[in-house]
Every structure is written in C-alpha cells, then in structure tokens.
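K.L.:
Chain by chain, the residues:
Protein chains: 2
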Amino acid sequence: MLNVISKEEAVACVAGAAAKAKIKTETVSLPDAAGRIAAEDVRAAESLPPFDRSTVDGFAVVAADTFGSGDAIPAELTVAGECRMGELPPFSIGRGQCAAIPTGGMLPRGADAVVMVEHTERDGELCLVYAGVSPGANVVRQGDDISKGEAVVRKGTEIGVPEIAALAALGVYEIPVFKKPVVSVISTGDEIVTGTPRPGEMRDVNSFLLSALCGNMGCEAIRYGAVRDDREQIRAALESCLERSDLVLISGGSSAGTRDMTAEIIDSLGAVHFHGIAMKPGKPTIFGTAGGKLIFGLPGHPLAAYFVFRLIVSEAIRTMLGLPADQPFAKAPAAFNVPSNHGREEYLCVRRSETGEAVPLHTKSGLISVLSEADGFIRIARNTEGLKKGDTVELYRL
Amino acid sequence: MLNVISKEEAVACVAGAAAKAKIKTETVSLPDAAGRIAAEDVRAAESLPPFDRSTVDGFAVVAADTFGSGDAIPAELTVAGECRMGELPPFSIGRGQCAAIPTGGMLPRGADAVVMVEHTERDGELCLVYAGVSPGANVVRQGDDISKGEAVVRKGTEIGVPEIAALAALGVYEIPVFKKPVVSVISTGDEIVTGTPRPGEMRDVNSFLLSALCGNMGCEAIRYGAVRDDREQIRAALESCLERSDLVLISGGSSAGTRDMTAEIIDSLGAVHFHGIAMKPGKPTIFGTAGGKLIFGLPGHPLAAYFVFRLIVSEAIRTMLGLPADQPFAKAPAAFNVPSNHGREEYLCVRRSETGEAVPLHTKSGLISVLSEADGFIRIARNTEGLKKGDTVELYRL
Chain R
1 MLNVISKEEA
11 VACVAGAAAK
21 AKIKTETVSL
31 PDAAGRIAAE
41 DVRAAESLPP
51 FDRSTVDGFA
61 VVAADTFGSG
71 DAIPAELTVA
81 GECRMGELPP
91 FSIGRGQCAA
101 IPTGGMLPRG
111 ADAVVMVEHT
121 ERDGELCLVY
131 AGVSPGANVV
141 RQGDDISKGE
151 AVVRKGTEIG
161 VPEIAALAAL
171 GVYEIPVFKK
181 PVVSVISTGD
191 EIVTGTPRPG
201 EMRDVNSFLL
211 SALCGNMGCE
221 AIRYGAVRDD
231 REQIRAALES
241 CLERSDLVLI
251 SGGSSAGTRD
261 MTAEIIDSLG
271 AVHFHGIAMK
281 PGKPTIFGTA
291 GGKLIFGLPG
301 HPLAAYFVFR
311 LIVSEAIRTM
321 LGLPADQPFA
331 KAPAAFNVPS
341 NHGREEYLCV
351 RRSETGEAVP
361 LHTKSGLISV
371 LSEADGFIRI
381 ARNTEGLKKG
391 DTVELYRL
Chain S
399 MLNVISKEEA
409 VACVAGAAAK
419 AKIKTETVSL
429 PDAAGRIAAE
439 DVRAAESLPP
449 FDRSTVDGFA
459 VVAADTFGSG
469 DAIPAELTVA
479 GECRMGELPP
489 FSIGRGQCAA
499 IPTGGMLPRG
509 ADAVVMVEHT
519 ERDGELCLVY
529 AGVSPGANVV
539 RQGDDISKGE
549 AVVRKGTEIG
559 VPEIAALAAL
569 GVYEIPVFKK
579 PVVSVISTGD
589 EIVTGTPRPG
599 EMRDVNSFLL
609 SALCGNMGCE
619 AIRYGAVRDD
629 REQIRAALES
639 CLERSDLVLI
649 SGGSSAGTRD
659 MTAEIIDSLG
669 AVHFHGIAMK
679 PGKPTIFGTA
689 GGKLIFGLPG
699 HPLAAYFVFR
709 LIVSEAIRTM
719 LGLPADQPFA
729 KAPAAFNVPS
739 NHGREEYLCV
749 RRSETGEAVP
759 LHTKSGLISV
769 LSEADGFIRI
779 ARNTEGLKKG
789 DTVELYRL
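Protein sequences, first through last, are from chains R and S. The numbers in the working numbering rise by one with no breaks, and the one at position 319 of the first sequence is 319. So the working numbering is basically just the index in the second sequence, starting at one, shifted up by 398.
Some hints could be false.
Quick list of in silico lysine-lysine cross-link-like pairs, DSBU-like style, CA-CA up to 30 Å [said to hold, decoys possible]:
#, chain 1, residue 1, chain 2, residue 2
1, R, Lys-331, S, Lys-577
2, R, Lys-388, S, Lys-786
3, S, Lys-546, R, Lys-180
4, R, Lys-331, S, Lys-786
5, R, Lys-180, S, Lys-786
6, R, Lys-179, S, Lys-577
7, S, Lys-729, R, Lys-331
8, R, Lys-389, S, Lys-578
9, R, Lys-179, S, Lys-578
Because the hints were derived from the structure by calculation, they are not lab data.
Turn these sequences into a full structure, and let the hints steer you where they fit.
P.N.:
This is how it looks when you write it as structure tokens:
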C-alpha cells in the first residue's frame, strides 16, 4: 500500500528540492533569447526615446505662439532651420520661430510641440500655422516609452516578442538566461517494445510524450527510450541519466511490484521523499533525489503520466527556472455534475462549448486521444462535495 | 499620395500570392516534429489499443456469469489461466471460467469484462466474485482510443503534445511537415544605427522584432540588419535576400520619398501589388512579388510594423503553411468608447481588467512598451460609428 500525501504536500516537497537544484545561467545573444527565461532583471541604462521626438511631419514650434490660431488667423512664424532624421538640430528656436521636422525627428531646443504639415503653409523663411497646438502635441517625450532604470525584463519571465523589441531598442544584445534544464526520460515496462508490437505488447508513448512536454517548457529533453522491468536495467538507466541530467523521469512499471522496485533503486541511489500522491490519475508517483538531481517515477499510463507531469514535474521545473506556479487561464461554468471524489484531487479534460461552458470529455480510463480534443483541464479538489452543473471551474492549459 | 486598399483586399491579395508560393515539405523524426506544421493528413494504420485491454488488476470474466452476484452471493468461477503483460493469453475462457489479469493486460478470448481484484477471493483454481459487472466493465476495447483509418494529424495543423503521443502510440516515427519558411528581415533608415546612437539616431528594433515574430510562427528568420535609405544599398539588400528566402520584410524608410523609392525598387525586381492599406497603424505598407517570392515593405515605427506583421504578413505565412486564418481567442466587453474612425481599420492594444473587460492601453503614438503590458489587441472596423463602452470586442493574441 502506498502512503499517499496530498498534491499540495507533493508540490511543496518537489519545489523545496528543486529550489536547491537551481539551474545555472548563461548569456545568449538577443535573437537567441526568444523563449528563454531571464536569469536577472534587465534595467534600462537609458531613456527611450532618448530625445523628444516628433510623431508627424510638420513644424516644431513653441506651442504658446500658436494659441488662438485657426484657419482665418494663422500664426506667422519664421523658419529657423530644418531638423533632419538622425541629426541633433544644430540650432534652437525661440518665440516666433519654428523648424521643419520629419516624423521621428528630434525636436530642436526651445520647441515644445509640432504642428502637422497639413495645418501649415510655408513660404521661404515664413511659415503660416493654421491650427493651435498644446505643449506636447505630436511629440513623444524623452523616456515616454521606457524610463532609465526601469526593469524591461524581470528575472524569471519568459522573453517574448515585446521584451526582444525593448531590449533591441535599448541596445542590450547579450541576455542573461537560465540554462535549459536537461531532463532524461526513461520508459519502463515488459510490455513496451520499440518495434512492431505483438499481441499484448505496446509501443513506447511516454518517452515521446514526456520529452515533448519538457521541450514545451524550455528544457532540453534526452529520450533514453524503453527498458524492461528489470532491476539491473533500471538501475543502469537511472545511473546513466543522473550523470548527464538535472532531472530524470522514469515512467511505467506495469505492476505495483515494479513500482516498489523502482522506488527501492531510487532510494539506493539517493533518497525517496514520497511514493504516492492523492491525485487521480497519478496516485503511484514516486519522487526522490540523488546527488542534488531530481528523480520522478511516473505512472505508465500516458494520460496519468501527462497529468503528473503537468501538476508535479512542471512545478519542479518552474521552481528551477524561477517561474511562478502555473495559473488557470480562464474560468467557466461547469456543464455537468461530478459526484464527490473520496479524497483524491481529480483531473478532467474539458472542452469549451459554443456558449463557453466547460464540457467534460468522458473517456473510459483516460485514453490519450482525449488530449487532442480538449481545450484544457480542470481540477476537482479532494474531499469536496463534488461539482455541480453551473459551478465555476478554473481551466488550466494543456 | 497612397492609393490605399482595404485590409480585406490586402489580405486576399497577399494570400493569393502566398498560395502560389507554397512551401516545400520535408520529413522529420517524431521528436523533431513538435511545433511543426503537418504537410499531410496522417491516418492510423491500426487501432489503438490494438486489443481489448484491462484497466484494473483483477479477473477477466464472462460478464453474464457475474449478474446478480454480491457480497452475500458470490459467483463461483474456475481460474482458466493467467494473462501476463505483453503476452497473448494462450487460452480462451468460457462460461463459468475466469483468468487473472493485470492492469493493461490483454483480455483472453471469450472474456468481455474484468472484475477488480478487491471484489474477488481466489483459492487455487477457484475464484469467488463478489460483484456483478456489465459487459465492457473495466475494459478498454480495441480501437476505443484511435480507430484504424482515423486522421490523428490533419494537414495544416501544428503538431503538439497530443499529436506526438498519438503518433508514438501508432509507431509513426517519420512525419511529413512543411519546411520552415525562410524570411529575411531588413531595416532601413538613415537614422538607424547599429552602435551607440548619437542624438537624433535610433537603434534598429524592427529586424529583431520581426525576426522574433517570424520565429514564433515557425519560420527561419535571417536578420539582414539595417541599411541606409539609399537606392543601391536597398536594391542590393533586397536582391541578396530574395536569393535565399521565401519572403522578405523590409521596414522603415524615414520619409514618403524613401517609401516610394522602396516601392520603385520592388517594382523593378518584380511587381508591386499594392502600396497603402486602410489600416491604422500601418497605412504605408507595400506588397510585391519577385520570382515567386513575397516582399513586404513595412512601416518603420516598431508598433506599426508589429501590427502589419500580425495582420498582413502572418496571413501570408499561414497560407504558405496551410494554416487557417488567425482567430480571436476571447471576447470581452469594451471598457471604453472609441469615436468613429474615418475609413481605416484600427488596432488597439488592450489589457483585461479583473472583471474581464477589455481596457485600452492608451499610448501616445504607439510606443513599443505597450506590448509588454497588453493581453491582446482589438480591431475596430473601418467606417463604423465607433465603439461604445460595453460593446463586445474580440481579442486577438499578441
């Protein structure tokens, strides 16, 4: 019999071990930083834009000179010069003066607004302004986009397109990121074969499934493949994987006996911290550590292995990478009742109906094809009275 | 003056050209297929599971033998054999018989249900069954997960974790996918510098931003970098990029004059199909083709370039990859009014409030930092009466 702990206890235990196993950092070039996790805050060393900039083609002015101007009563200004793209205007303007300026051009000293060219009429050194503008009109001020000292990327955030753009604008081309955690993935089971299965045999699904999940989380997955339910083979596989990985996943073991054997081997290599979680599916999960590396024994059933990865293993990886815990992405009313569930947190794949309800995908014994049809999954807390149709449920990403 | 066309006309024109430029296919190994786009339907060559399988540890039975059984009146069955994992049971069972079976084991011929071991008591050749089961109980039937002939991956779908699992289960280890479209990205502008900008100069943001967007869409991006607003430099850059890419993006051109020059160069290399789209931002967009390759001239302002990519360029890439058009991911009530917009489809970054409303991120002239704060963007159709607070808006992913 397993001495099961709650899912919350399991996550806390796993996160504690993962925090000690924190991942090393490295520096990557900006284009390679997409999808990586920042290992430090990156702060702006300068303001953006670095100067007051026009957002239109027109004339830089002292706004006060244009107050009260209109179609009938233009302001008459003297053109003091031309602002050119990419150049510091070599002059300043004072009252009664203006300067031609292109979109993106730097305002000359003295100017505090820009009049659109459509509202002006130029005649040599003279410019008639047919519209009044307020100070700041058609101008982006220095620092409006990013202020000097501001954190444009925070430690533990995934670097996406907005961050790439901000870092490029600031000229930060070398980015400190966490190294990709290396995860080795082993499948076990006497019924697991690599070639064509004979009657009663199965192909290895879990090493592919779990490697793909690791890849999605920004890990480098090493697919060890399948081994027999054999003490020496399992020990050899674990030892080999521990050497080259931060984390080892071993799934399967067709019987309780094999799972106990796996736990014994892990214990002999390091220590088993728990064996059994009050979750459904996923009860026979094993967690141990050896030499600071994390080892998970996952159920052999692919959908059970999937949920243990999503709920337990992924939290270890998040902790290693300094990421916050997984959050639901939406709430929805349940389209169904679920009876009370006797002490195990339960997971159900759901799809969203046209009207936005969460509809359970009933599936005998959790076949893997349910993942293709699902829009997410829900958690049903342990020891609840069950779920009633219309109750709000939280949807988690697959 | 630009002769603008509607965004819908622009997308149709671009999609038409992209359909002719369809991308070649290649075969990748299963682990490398994650995130790639399937180039063909992949159909199951067999059923999954390939045999009737027990979902529990227990005894395979003829269900009819257990009807009416209970704690007080067990059915008395004879144990005809043991089913072992990974083996075809070398016997069949008939009425009055049963066989021990592990979770995942193959049912012997004649059996149509499994009784959980907890509801049985075995004594040598005799097994007492203390519960009635229906036909099919605790059994996953052949083909319940995937039926032979079923498409487990459809052409034009992104291969994700569920597909990887299904393909592994079916033993499909070589997957036909579309080659990654190769996109070259050029920035232009006399004010764009690669080193430290002097007053009035700017760093190149667009080549990084657009390359990251291409990478997110599964393209291989080649960052050409920045060139001056110079006819010969722009022509040389375009010719070099056309040679090695399926698609070329050239952004910037600090003035209408430069944009016209870019359009002239594209026209001399092939043909310009349109110059100007009724969208805001993004009006001065150019689209042309040369030798079957697509060329986009994008605005220099990073946020404008971003929206043109998301709304126009991305639809070309989707067409090339056989993907459906981009869809909104959520609907939300608008938290604000927007006045009528005079003939250009408009795009606004929004964040979702605690209560789920779409809140506009007001930003003077669309600074790039707005992308970091946004949860998505909305489209405001051209020639509408404007948007009223409470109107339902559709949210698009950034």
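K.L.:
Now, for every hint given, state plainly whether the structure supports it.
P.N.:
Here's how the hints hold up against the structure:
With a C-alpha separation of about 37 Å, the suggested pair Lys-331(R) and Lys-577(S) falls outside the 30 Å cut-off, and the hint is violated. Note on Lys-388(R) and Lys-786(S): the hinted pairing is violated, with a Cα-Cα distance of about 36 Å set against a maximum of 30 Å. As the CA atoms of Lys-546(S) and Lys-180(R) are separated by approximately 38 Å, the hinted pair breaks the 30 Å bound. Our distance criterion of 30 Å between C-alpha atoms is met by Lys-331(R) and Lys-786(S), whose separation comes to about 25 Å.
Distance restraint check for Lys-180(R) and Lys-786(S): the Cα-Cα separation of roughly 47 Å exceeds the 30 Å cut-off, and the hinted pair is therefore not satisfied. For the proposed pair Lys-179(R) and Lys-577(S), the alpha carbon gap of about 28 Å is at most 30 Å, so the pair holds. About 13 Å separates the Cα atoms of Lys-729(S) and Lys-331(R), which keeps this hinted pair within 30 Å; it holds. For the hint linking Lys-389(R) to Lys-578(S), the alpha-carbon distance of about 45 Å lies beyond 30 Å, and the restraint is violated.
For the proposed pair Lys-179(R) and Lys-578(S), the alpha carbon gap of about 26 Å is at most 30 Å, so the pair holds.
Figure legend: structure checked against the earlier numbered hints; hints not met, in rising order: 1, 2, 3, 5, 8.
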